[in-house]
Each structure stands twice: as structure tokens, then as C-alpha cells.
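S.K.: Chain B: place on chain A using the hints.
Protein chains in written order, with the numbering used here: chain A, 1 to 118; chain B, 1 to 114.
No lab work stands behind these hints: they were computed from the structure. Please read all numbers here as calculations on a predicted model, not as lab measurements. Here a beta-carbon is modelled for each residue, glycine too, at the ideal position from N, C-alpha and C. Fair warning: there could be bad hints in the mix.
[To be verified] Some chain B residues well away from chain A (every beta-carbon gap over 12 Å; in silico):
1) Q11
2) T13
3) R22
4) V24
5) D71
6) N74
7) T76
8) S81
[As the list claims (entries may be wrong)] Here are the computed lysine-lysine pairs in the DSS-like style, where the Cα-Cα straight-line distance is at most 27 Å:
9) A:K70 with B:K42
10) A:K55 with A:K73
11) B:K57 with B:K83
12) A:K73 with B:K57
13) A:K110 with B:K83
14) A:K55 with A:K70
15) A:K110 with A:K55
16) A:K110 with A:K78
17) B:K42 with A:K78
18) B:K42 with A:K73
19) B:K57 with B:K42
20) A:K110 with A:K70
21) B:K42 with B:K78
22) B:K57 with B:K78
23) A:K78 with A:K55
24) B:K57 with A:K110
25) A:K110 with A:K73
26) B:K42 with B:K83
27) B:K42 with A:K110
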Amino acid sequence: AQTVTQSQPEMSVQEAETVTLSCTYDTSENNYYLFWYKQPPSRQMILVIRQEAYKQQNATENRFSVNFQKAAKSFSLKISDSQLGDTAMYFCAFSPPKSGGGADGLTFGKGTHLIIQP
Amino acid sequence: EPEVTQTPSHQVTQMGQEVILRCVPISNHLYFYWYRQILGQKVEFLVSFYNNEISEKSEIFDDQFSVERPDGSNFTLKIRSTKLEDSAMYFCASRRTGISHEQYFGPGTRLTVT
Chain A
1 AQTVTQSQPE MSVQEAETVT LSCTYDTSEN NYYLFWYKQP PSRQMILVIR QEAYKQQNAT
61 ENRFSVNFQK AAKSFSLKIS DSQLGDTAMY FCAFSPPKSG GGADGLTFGK GTHLIIQP
Chain B
1 EPEVTQTPSH QVTQMGQEVI LRCVPISNHL YFYWYRQILG QKVEFLVSFY NNEISEKSEI
61 FDDQFSVERP DGSNFTLKIR STKLEDSAMY FCASRRTGIS HEQYFGPGTR LTVT
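Next up, chain A with everything else stripped away, as it sits in the complex:
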């Protein structure tokens, strides 16, 4: 069974600063997918960024980037030039591929509550 660990329950930074949220996971799979989801106070789950384990290049999406360390099973999210609208819960999630079709559910971490201070 896979597990996802987010060791920072809450973080607070000033607007425009850079912040890094940590995530580690445990799996015996070699190929899998990792995601960061954002959950603002509205509680909608919004996909922020994804990473395929077979890709060595770290994914980036505008101000959001990841540091994927496969050997260490680490998948951190970096938010540059943080904005007030980035205030939210951030969940790291893991998805193994399933051969022969079908679909696996995501395994989520417990989340990090990120607060951006003005």
C-alpha cells in the first residue's frame, strides 16, 4: 500500500516570498504519478501540478514548480512570488498506473495549510 506524508501541518509566509511545501511517499512501484492539489476555503479541489515518475525533468506551471527526487521518494512544491490567493490547503497525492485498464484512486497526504500574509 502506498502512503503519502506531509510533515508541515501549517506554514505562513509574507506575500511575494517563495515557499516550499514538502511531501514524501512510499511505494514499491517504479512508474507512477504525483500531484499537488490546492483546496481553498471553498473546498473545491484544484489541480496545481503533476509529475510523471519516468520523467527526470521537474514539472513547472507558471509560479509553481516541483522538486522531484525519485530515489528519496520526495516531491516538494515550490511557490514563487506568493500571492494572497495562494492561501489554501495543499494536498500531495500519489497515483500508481494500472496495467490492463481500470483506474486507481489517489492517495492523499494530510495536507499543509499555507497562509500568505499581506
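M.R.: For chain B alone, kept in the frame of chain A given last:
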């Protein structure tokens, strides 16, 4: 941009009653999911559905729960004989086939069992 929709946004029911939560996945998606999130806790996988049958289910998804795709657009979660501990946010998600494993979530239905 297409999105997953869920109805109702909030459902209040009495313990022991049956509820049906409804979802309309993105139209060209073929994989469907239900998750739940008890207040203040992490999101938990319940069930996945593909090709008109359950693909995978978690330990949480016991005989009290069932899913159905009654027509070409809706995907429902039925909870029989609700319990207080079923109070949670229920999220529907969908994913298109192929190499993409991105799941797109609906806004959720907040279920309150009294």
C-alpha cells in the same frame, strides 16, 4: 472549459435515511471516482468506476454504499441508512482515458447527517 458538476451542494439528512449524491463528469472522460473528506481530515478514496463497473474500492466503501451510471451523463453515489459518521464532503472526480492520470474534481457535496 468543461468541468465536473455535483448536486446538491449541501444535503442534510436524518440518521437512517438514504441519500443519493449526483455528479456529472466531464463529457469525454471515462474514469469516474468518489472521494470523501471528513471535516479537517484528508481526502479519502472511496471507489473508482470504469466501463460501467466498479474498478476499485477502498475499505470505506462497504455494503452501505453503491454507485451507478444511470445514463450517459450522470454518476451517482448512494448511501443507504446513513450514520452520523457519514457526515463529510463528498467529491466526484473524472479522468479521461489514455496516458493522462489527472483527475478533475467537482465542487463537492457537503453531507450532514443529524
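S.K.: All hints are to be evaluated individually against the structure, with a verdict given for each.
M.R.: Right, here's what the structure says about each hint:
Residue placement check: B:Q11 keeps its beta carbon more than 12 Å from all beta carbons of chain A (closest about 15 Å). With 12 Å as the threshold on Cβ separation, the claim that B:T13 sits away from chain A holds: the shortest Cβ distance comes to roughly 19 Å. Listed as a non-interface residue, B:R22 keeps its Cβ farther than 12 Å from every Cβ of chain A; the least gap is roughly 17 Å. The beta carbon of B:V24 sits about 15 Å from the closest Cβ of chain A, which is more than 12 Å, so the claim that it is off the interface holds.
Residue-level check passed: B:D71 sits 20 Å from the nearest beta carbon of chain A, beyond 12 Å. With a cut of 12 Å on Cβ distances, B:N74 stays outside the contact zone with chain A, its closest approach being about 18 Å. The Cβ of B:T76 lies farther than 12 Å from every Cβ of chain A, with a closest approach of about 18 Å, so its non-interface assignment holds. Separation of B:S81 from chain A is adequate, the least Cβ-Cβ distance of about 24 Å exceeding the 12 Å criterion.
For the hint pairing A:K70 with B:K42, the CA-to-CA distance comes to about 24 Å; that is within 27 Å, so the pair holds. For the given pair, A:K55 sits about 14 Å from A:K73 by alpha-carbon distance, which is consistent with the 27 Å threshold. At most 27 Å may separate the alpha-carbon atoms for a hinted pair to count; B:K57 and B:K83 meet this at roughly 20 Å. A distance of roughly 25 Å separates the Cα atoms of A:K73 and B:K57; the hinted pair therefore holds under the 27 Å criterion.
For the suggested pair A:K110 and B:K83, the alpha carbons sit about 24 Å apart, so the restraint of at most 27 Å is met. Taking the CA atoms of A:K55 and A:K70, the gap is near 10 Å; set against the 27 Å cutoff, the hint holds. Restraint check for A:K110 and A:K55: the C-alpha separation of about 26 Å stays at or below 27 Å, so the hint holds. Distance check on the hinted pair: A:K110 and A:K78 sit about 18 Å apart at the alpha-carbon level, within 27 Å; holds.
Only pairs whose Cα atoms come within 27 Å are accepted, and B:K42 paired with A:K78 is accepted, the gap being roughly 21 Å. At most 27 Å may separate the alpha-carbon atoms for a hinted pair to count; B:K42 and A:K73 meet this at roughly 20 Å. Note on B:K57 and B:K42: the hinted pairing holds, with a Cα-Cα distance of about 17 Å set against a maximum of 27 Å. A C-alpha spacing of about 21 Å is found between A:K110 and A:K70, which places the hinted pair at or below 27 Å, so the restraint holds.
Between B:K42 and B:K78 the CA atoms are separated by roughly 22 Å; this keeps the pair inside 27 Å, and the hint holds. With a C-alpha separation of about 14 Å, the suggested pair B:K57 and B:K78 falls inside the 27 Å cut-off, and the hint holds. A distance of roughly 18 Å separates the Cα atoms of A:K78 and A:K55; the hinted pair therefore holds under the 27 Å criterion. Between the alpha carbons of B:K57 and A:K110 the distance comes to roughly 20 Å, so the proposed pair stays at or under 27 Å and holds.
For the hint linking A:K110 to A:K73, the alpha-carbon distance of about 17 Å falls within 27 Å, and the restraint holds. Proposed proximity of B:K42 and B:K83 is supported: the alpha carbons are some 20 Å apart, at most 27 Å. At roughly 5 Å between alpha-carbon atoms, B:K42 and A:K110 fall within 27 Å of each other, so this suggested pair holds.
Violated hints: none; the structure is consistent with every hint.
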